[in-house]
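Chains as they are written, first to last, in my numbering: chain P, 4 to 315; chain D, -3 to 269; chain S, 37 to 469.
Worth flagging that the hints you see were computed from the coordinates, not collected in a lab. Careful, some of the hints might be misleading.
Unchecked claim - Taking CB as the label site, the calculated pair distances span:
1. D212(D) x M72(P): 27 to 35 Å
2. E455(S) x E230(P): 29 to 37 Å
3. V302(P) x E455(S): 50 to 58 Å
4. P103(P) x D206(S): 57 to 65 Å
5. F220(P) x P12(D): 15 to 23 Å
6. P165(S) x Y78(P): 23 to 31 Å
7. K66(S) x M72(P): 38 to 46 Å
8. A104(D) x E174(S): 55 to 63 Å
9. N36(D) x V159(P): 14 to 22 Å
10. P103(P) x L16(D): 36 to 44 Å
11. P106(S) x A36(P): 53 to 61 Å
12. T159(S) x E79(P): 33 to 41 Å
Just so it is clear, CB atoms sit at the ideal spot from N, CA and C, and this is done for glycine as well.
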Amino acid sequence: MALTFAVSPRAASKARRPGPRGSALRRHLTGWAFAGPATLLVVGLSLFPAGWAFVISQAKWNGIAPATMVGWRNYEQLAQDPDMLAASGHTLLLTVLFVPSSIVLGILLAVALNQRIRLIGFYRTCIFVPYVASAAATGILAGFVFNPQFGAVNEVFRHLGIPAQQFLESPSQALYIVCLIALWGQVGFTTVVYLAALQDIPRELVEAATVDGAGKFRVFRHVTLPELRPVTVFTAVWQTITAMQLFDLIYTTTRGGPLNSTQTIVYYIYELAFQTQRLGYGAAAAYVLFAVTLLLTLVVIWYSRRRGAEVF
Amino acid sequence: MRVKLPFSPWHLLLMPLALLFVLPLVQMVATSFMTSAEINHFPPKLIPTALHLEGYRALLSETPVLTWLGNTVLVSTISVLGHLILCSTAGYGFARLKFAGSGLAFLAVVATVMIPMQLLMIPTYLMFARIGIVDTLAAAFVPWLASAFGIFLMRQFFLSLPGELEEAARLDGAGTWRTFVSVVLPLARPALATLTVFTLLSSWNDLLWPLVAISDDHRFTLQVGLASFQGTRRTEWSQLMAGNVIATVPLILAFLFAQKRFVATMAFTGLKG
Amino acid sequence: MTDPKRALAAGLVLTLSLSACMGGTGDSGKDAAAGYDPNATVELTWWTGQTEVAEATAEKLAAEYHALHPNVTIKTSPGASVADELLTKLSAGFAGGTYPDISYAFGSWAGDLAASGKAQDLTEFVNTPEFKWTEIPEAARQTATVDGKVVAVPALVDNLALIYNKELFDKAGLAYPTDQWSWDDFRNAAKKLTDPATNTYGTAYSVSGSEDTTWHLWPLLWQQGGKILDGNTPAFASPQGVAALETLRVMAVDDKSMYLDQTDEKYLPLFNSGRVGMVISGPWALLELKEAGIAYDVTALPGFNGDHQTVSGPDLWVLLDHQDPNRAGAARDFIAWMTSAETDAKWNLALGNLPLRSTEAHSPEFAAYTKEWPGSQKFFDNLANAKQARPTVSGYAQLSRNVGDAIAKVLQGAATSQEALDEAAKKSAGLVG
């Protein structure tokens, strides 16, 4: 598996000869002609709507009747909304389960897939391929595999003598099952990232430690793991965002149920805005989500900077 | 006493895990070829007795699934083309062309990554309603014509290119555009391939936004069509799995065909994102 | 680089213009069709909210009307892939200025649509003698009326009744349900019909938390003498509400005679496959019942103390104002024709729905209809039991969601009826109105 381009960018070309003075304007225009369209599109479709969303978040509005501006009332209400609280709890639980599991499993699988053994190409393909399947298809498939009446999982349980479970139809199990399905689809991603990182670790480093008489596990613990730290900071942030914004899978498995036990913040926002038409309240909830994501990301970056791992 | 296995012990871990990852997909394909009686059979069967096409036939007659497939192909193609053109030019602009405001513009682009889709959904929907493209395929692809990630990816790549070749082209009298098209782009093939895979995966599999923006079932993308079909036919498993096969098999084939490129894209997302 | 003050000023201007985008047009108080010229050439857009056969029928009727009134052309389309989506489509249309003249709408949207300021005030129009407003069932008229103003014309009427599987009753040696059944009779039968060995349930209930969950509770609440709202204050968490919900809870939790459906879509197919003895449902279930070919019959809902009232979920035609009296007037004329006893027989009766007007009961079409759809006569008779309507206030959707969640919790044994209803009432306070 050759990564086609280097991991650290080679030094950019340096001194550019300054052109004739009259061409300065031309240069700016050329620059904007190149960068302008994409920049305009990306910024126009995010900063502008984000500003608008803020205005909407200050209104009581259902999209049909005229809006009434209510200031910060939506935010105040959110603070006391038991559904928002429950949704935050579910999101938190999902994130706390999903992020470490996907990292640990990713490292484990990457180490295993980094072995030079037979069938390794087959193993790699098997483990990466669920990542390509859409979350919608994955969710529908999961509904079948975990079906309480005739799903494959209960069938396996029957052979093992375990009583049949309700899985996605049980308020106490559904969120865990959703997390498991998300892992099935996403572990391929962390595995690939760690595999690439493992292959970037200089061979000499490992060999030197082995020559010094360190056992395989010690080498892994003291040489390999520290080398993976910068990547881990990234995967932690990335997977946190993935977990916090998990929507498709929930939509196609449980639609937030049973008993709202899988209603996460993003699902709640979708319901508010597009099911019960509370656009202002939904926009406020989206802003809260944004603030939390931003804060979490900054904390991780700050923490990793302090630990000396420069990744961003 | 140590037992020497005739094969590497890693197989003991990898074989069951590999099966765990791939068997659900196998079951998906197998179920799509079963009759309802076979699916409801107890104990469940893994392999159909024959290739029954009822699921596909019913899906084709009850839903415009081929239209959905066509819509998805169209949306994905336009998204990939948009990314290839807009992100490569923008990436080159930010990497090489020193122009007024480039620092600020790039910062603005990067900052947008932090904004969650859920925040933009409502106003973007209203914006699109105002310009009259809600419920058209344009609503599905316009947000995918370019992305901050794509611009970032291309900029990083161009920064890593040695500048000598461009310098040489310039000395030969080629303008910026000609240099870009005839010298730089051919070198950028690996990055463009990565960009293609990234955009293809994202736009093909997108559900939330088209779900919000499109409600006419002849304009559905595959993912939206599948999700809405599931909403009304929760128990028609052979049809649902047939739909799943149509939605995932093209990408899985592409993956098998260009596994290296897909893996490089995933790794790049991880190492550089 | 950028002057911060200028940026701030620009931002402020942007903000103000954005909030201007969120307004609706105010109610001018003027009649939308004042000065209507019946001979003017107009083109109307009609969102039918129908699919397949029904959509084809709608197009046929639009053509028929055009033949009668060549100056009026009606552009007909479903408007959305499912009727549920029409509200979102309408709000997008309002934002983009491209909304139809006539749209199908669920009764629960009436409050929101009235508040949009875009729905024509039809109060005077429907009260003209030619319209025969009172032929339409009372509950449907109430649904079309918001704050004393008629904002729509009923398009479809229905109600909930008890549908039972005769074969399962025979097998259990039970007497069939009657119109005089109490909820205790219902509970006893459900218990006896339940057989874990064959996975058979006495009855079923949707616990998805949607409106389907919620509106099945309202008849029980009303039969107990309770109310949904008192003014704008939620009033369902009353002793009557608790008693109503308890009636369902004992079957779901204590007797385990009630199949709990996590979606809205599974319980009817289960009934049709003979796994559920009794369901509470409406005339729309008849189509699949007929296809399933099981022996069934229909009775009025069980009652408390002899009160057997039910709930009706009428759908509406809402007429939208385009500041053009000719279009407004033509839309009214078309809907009056569409909902007349004569045309409705070709529309609702032909499609298997209940007739909109009481006078249709004597038509040959109605005789054919009751023959074609066993049980439809009972649903028609049961219209008389639909005495109250769901509130037509903006905010009902969220209230319904809260109550639906409460019911789902109680039926799954996760809360007591009192706690759950109290919580729902607390969450719904201030949303309504």
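Hints versus structure:
1. D212(D) x M72(P): 27 to 35 Å: holds (33 Å)
2. E455(S) x E230(P): 29 to 37 Å: violated (54 Å)
3. V302(P) x E455(S): 50 to 58 Å: violated (37 Å)
4. P103(P) x D206(S): 57 to 65 Å: Given range 57 to 65 Å: holds, Cβ gap about 58 Å.
5. F220(P) x P12(D): 15 to 23 Å: holds (22 Å)
6. P165(S) x Y78(P): 23 to 31 Å: violated (53 Å)
7. K66(S) x M72(P): 38 to 46 Å: Violated, at about 27 Å.
8. A104(D) x E174(S): 55 to 63 Å: About 60 Å separates the Cβ atoms of A104(D) and E174(S), which means 55 to 63 Å holds.
9. N36(D) x V159(P): 14 to 22 Å: holds (18 Å)
10. P103(P) x L16(D): 36 to 44 Å: Violated - the Cβ-Cβ distance for P103(P) and L16(D), about 19 Å, lies outside 36 to 44 Å.
11. P106(S) x A36(P): 53 to 61 Å: Holds, since P106(S) and A36(P) (Cβ atoms, about 56 Å apart) stay within the stated range.
12. T159(S) x E79(P): 33 to 41 Å: holds (38 Å)
When held up to the earlier numbered hints, the structure conflicts with 2, 3, 6, 7 and 10 and fits the remainder.
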